[in-house]
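Asks: Protein chains in written order, with our numbering: chain B, 146 to 351; chain V, 146 to 351; chain L, 146 to 351; chain D, 146 to 351; chain Z, 146 to 351; chain A, 146 to 351.
Read the hints as simulated data drawn from the structure, not as lab findings.
These figures come from a predicted structure and were not determined experimentally.
Do not rely on the hints blindly, as some may be mistaken.
Since the list can't tell identical chains apart, any single copy or any two copies may satisfy a pair.
[To be verified] In silico BS3-like pairs for lysine-lysine, Cα to Cα no more than 27 Å straight-line: (1) K236 x K302; (2) K310 x K235; (3) K207 x K236; (4) K310 x K236; (5) K302 x K235; (6) K310 x K195.
Protein chains: 6
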Amino acid sequence: MNILAIGPHPDDIEIGCAGTLIKYAQRGHSVFLLLISKGEMGGETEVRYKEQMNAADIIGAKDVFWGGFRDTELLDQGNEIIHTIEAYIKKIQPDFIFVNFFDDTHQDHRTVNRSVLSAARYVRNVMFYEVPTTNNFTPNIFVDIGSVFELKLEALKAHSSQVMKTNIPDLSIIDIARSSAHFRGVQGRIPLAEGFIPERLFITID
Amino acid sequence: MNILAIGPHPDDIEIGCAGTLIKYAQRGHSVFLLLISKGEMGGETEVRYKEQMNAADIIGAKDVFWGGFRDTELLDQGNEIIHTIEAYIKKIQPDFIFVNFFDDTHQDHRTVNRSVLSAARYVRNVMFYEVPTTNNFTPNIFVDIGSVFELKLEALKAHSSQVMKTNIPDLSIIDIARSSAHFRGVQGRIPLAEGFIPERLFITID
Amino acid sequence: MNILAIGPHPDDIEIGCAGTLIKYAQRGHSVFLLLISKGEMGGETEVRYKEQMNAADIIGAKDVFWGGFRDTELLDQGNEIIHTIEAYIKKIQPDFIFVNFFDDTHQDHRTVNRSVLSAARYVRNVMFYEVPTTNNFTPNIFVDIGSVFELKLEALKAHSSQVMKTNIPDLSIIDIARSSAHFRGVQGRIPLAEGFIPERLFITID
Amino acid sequence: MNILAIGPHPDDIEIGCAGTLIKYAQRGHSVFLLLISKGEMGGETEVRYKEQMNAADIIGAKDVFWGGFRDTELLDQGNEIIHTIEAYIKKIQPDFIFVNFFDDTHQDHRTVNRSVLSAARYVRNVMFYEVPTTNNFTPNIFVDIGSVFELKLEALKAHSSQVMKTNIPDLSIIDIARSSAHFRGVQGRIPLAEGFIPERLFITID
Amino acid sequence: MNILAIGPHPDDIEIGCAGTLIKYAQRGHSVFLLLISKGEMGGETEVRYKEQMNAADIIGAKDVFWGGFRDTELLDQGNEIIHTIEAYIKKIQPDFIFVNFFDDTHQDHRTVNRSVLSAARYVRNVMFYEVPTTNNFTPNIFVDIGSVFELKLEALKAHSSQVMKTNIPDLSIIDIARSSAHFRGVQGRIPLAEGFIPERLFITID
Amino acid sequence: MNILAIGPHPDDIEIGCAGTLIKYAQRGHSVFLLLISKGEMGGETEVRYKEQMNAADIIGAKDVFWGGFRDTELLDQGNEIIHTIEAYIKKIQPDFIFVNFFDDTHQDHRTVNRSVLSAARYVRNVMFYEVPTTNNFTPNIFVDIGSVFELKLEALKAHSSQVMKTNIPDLSIIDIARSSAHFRGVQGRIPLAEGFIPERLFITID
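Here chain B stands alone, though its shape is the one from the complex:
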């Protein structure tokens, strides 16, 4: 299968669904990443680009695409973003799309979610992941990431310029990822999980 994960900025995909993507890649599926912006408000563009490429290597992604929009400036460009994502969907033909959830305090995140909702309207499976700025997220789809959790943390550490940028004193994104994985795990009755909300998901019976 072709799996496409979409994130507004570098590191969003890793926080939300790196464990799931690693499992897909390990089973031989083709994982693609699409970053809508380069996250230039959170650090040097060059640095963030390299960090994202390293994280993609750890995940085992087949390719990384860049939307080319400007960090924190996505809000009033929704239509152009939709058309950009539509082009990548046409090219990649994904069976599964993962993107951040709609309800979020960051305007770029809200815009990217709505853009994917539109652009992906004929894609079979569309799933929403969470990041630390997500609001009111109550996942009912779970993936057990116990076997790949350390790799997920490696993918996060690849974003080394961002690890301590959590706006919470002494708390790293690694700490946040660990707590989230346990918290969602408990909801799924296992030690470590990623949680998702489906826009549309098919159960394949065989």
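Given chain B, work out where chains V, L, D, Z and A should sit, using these hints.
Replies: Just chains V, L, D, Z and A, lined up with the frame of chain B:
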């Protein structure tokens, strides 16, 4: 895998998820049905029992269990129903449970849904199906039932005493099943589907 | 009374509420249609214009207005669209407005809904209809369209360039309309219905 | 038409929908009241009975029925209450049912609402009204009660033993009724209104 | 503490939370107002400016800031508005922000709410207030405004050009404020209250 | 102030709000605990009683009350439970009540929440906490428990017979508490928090 479908009355399971169950049975999974009541307010107990057993045969179910509660009298016996369902879960060890949705105009349906929510709290996958009395059902999980749709209709026709008991003049449960399958199909972008809302669903990646 | 139905593209109004509009027109009320775009991404502008005009004739509409915005480009022009709709509301003085529902995978649909919410804020009755791309629609207002259902299908067939453009193999918009009418009918306990969600509706007692 | 208003205790109906009922009665429709309990925890049974009968006279109700259940004891008797209400529905054959909303801090209110949801499942129009203990009520159906507002207050005053029993110092149920009518009026853009949430409502076009 | 109240137009803040702000000012906290537009569609800019400054004096606000955006034109400028609000937050360092609720029929109101959600994402306490165009507002946070209610009305009367501009015949914003305060009071079990929905609120225990 | 925390079984209160209660007790407020059942399905009654009393000591509670209902048997006794809680509220006169959230897979938890909703309807502040079986919990009220977190863990460890009874292999309730505190902390932008949903909360301004 072991699949357990639970219904308040005979024919509820067939309306809500017979297509999905047939597909599971066809792939060699073990499908079990649990009927909480015998539906004695809707017809002769004997008749309804036989109809349900015939429907189970068409589905390819391995066994049918009966909770023994009285039709239209479930509402204030929730606790006892929970304990009964817990016993069957212990016996069957299901990987998947299917049960009708909570929001429903029929009191028995509301009770059975809440009872399963409690009894199944350590079962991995729990999914809610819809019937004609369900309210506010907005499925985001779909199963393509195109290949088994005629068999689903056969399973419904097995409930021959109920086929015209829809409380809508000249409309049979077959007509309703056909419209629902098309309607949910359109939402899933395919011709014929059953729709579900997950209480909790694991994606297995392999 | 003056009834105003608003649609993002040609054929949206017919899918969502043609049956209701036909009944209003048959009783002598004045029905007006406002199309925000010409639907030029779905076919020749000329063709779609004529199809819409023919559909309006079948409905018995008194007049058809065109907003003049570009198909798939509505998203970031919400403010201008509001002002356009306000002008038509001022001109028509509608007692009832019908418009597609907010939650929809198509960006144009979301924009038109929000624009009407604002533009119509002093209009007495505002009702939301559904189309195939609508999400999470749980209608609690129903209109019995049994007596005008064939006419509704005629109005849909007038959009002949669109009849097979459903993105679902072998499924026409006629098939979809038929399933929807049955499905919503069942919810209202009648054979054929259109379902609505009210933003604001007055019951007139006399 | 036959209109049936159902209340858990004397005065609930008057608070929630007396204005609407008065308008129906004035136009010649047959209004019936069904009180599930006699409200004996809020005063002398005899007194409350007489007050309710006087209020019914002011409303212009054709008949008043009493369910015979005990005030504050409804919660675990839902099934029997459903069967009682079903019997009255069979007798009265109502076109419209009005009952208090589900989300309420009073257990009797929650029970009565759910009981009506079940008992009325084949009644065409079912509408929910609000009382001071209702929670999270966001009405989208409105009735202009300007012409009958003073009569509504008379019907409330008939419950003279209850007028000051609001649990809020110096605030009478008359004061509450006045504020509610204005508050809901503003939401409907008129001076005085009653607001409702529909479980199911048909628009009749003629 | 520093309290920042944000409103799309002059008089929105007074309607939604003047009572609460007056109480904060009376206890010696620093209250700041930020008006995103001058409300020039509702009257002379000069007049509205003076009215707002007078209202601020009555509230006891320490300073008033103006965002400089155009009334009814906020919708497609969300990103610029976010950056403007971020600048004021940086300057004022508020402990509490009050802003109108998201669900509203006025496009400017929706935009301002979403802009504050983003701009204030690292502010500790963010609370939403209601105005007459707000929809679906179900407050669960209350402030008793009994002791400052007359002052709140004075602050509203300072907007003398707006007092009768309610779009409801013979109803002033003073009447609306009075009904709202009683209605929300009843929900909080006191005579007069302002109601809020928290985006994020800390309880300080000492 | 008088603070009353209510839990269906021993250890629910500690999991949900021990940190907050400890802070109240440390500031000299009177904290009371009410346990609806003795949790006899989860261990020896004697043992669980002692563990709860020890936990109450660590919290600094002034007194502990026991409702006397049977573990896993609360569901169909809602009315009696309401009357029991009403009696304790009358006795304690609490300013604040804390109780578990409604949406929960455990039937006892749902019953206790609804019972408190009714019994506490004239209590000023009522707040809902979460436990591991809670569903769809999206807190917007936070308490910083950084200074008392170790004490909270002590209170949990006092329930030594329960520490490993999480139904998740190798995961203790201490682990769960730690992850929850971090997870909710991140949502409140601090390292360690308890999160709540308010039924009704007053802001006191002074």
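Asks: Confirm or reject each hint.
Replies: Each hint, compared with the structure:
1. K236 x K302: neither (30 Å within a copy, 34 Å between copies)
2. K310 x K235: For K310 and K235, only the inter-copy Cα distance (18 Å) is at most 27 Å; the intra-copy one is 35 Å.
3. K207 x K236: within (14 Å within a copy, 45 Å between copies)
4. K310 x K236: Answer is between; shortest inter-copy Cα gap is 22 Å, intra-copy 34 Å.
5. K302 x K235: Classified as neither; 32 Å inside a copy, 30 Å across copies.
6. K310 x K195: Answer is within; shortest intra-copy Cα gap is 17 Å, inter-copy 43 Å.
The structure fails to meet hints 1, 5 from the earlier list, while all remaining hints are met.
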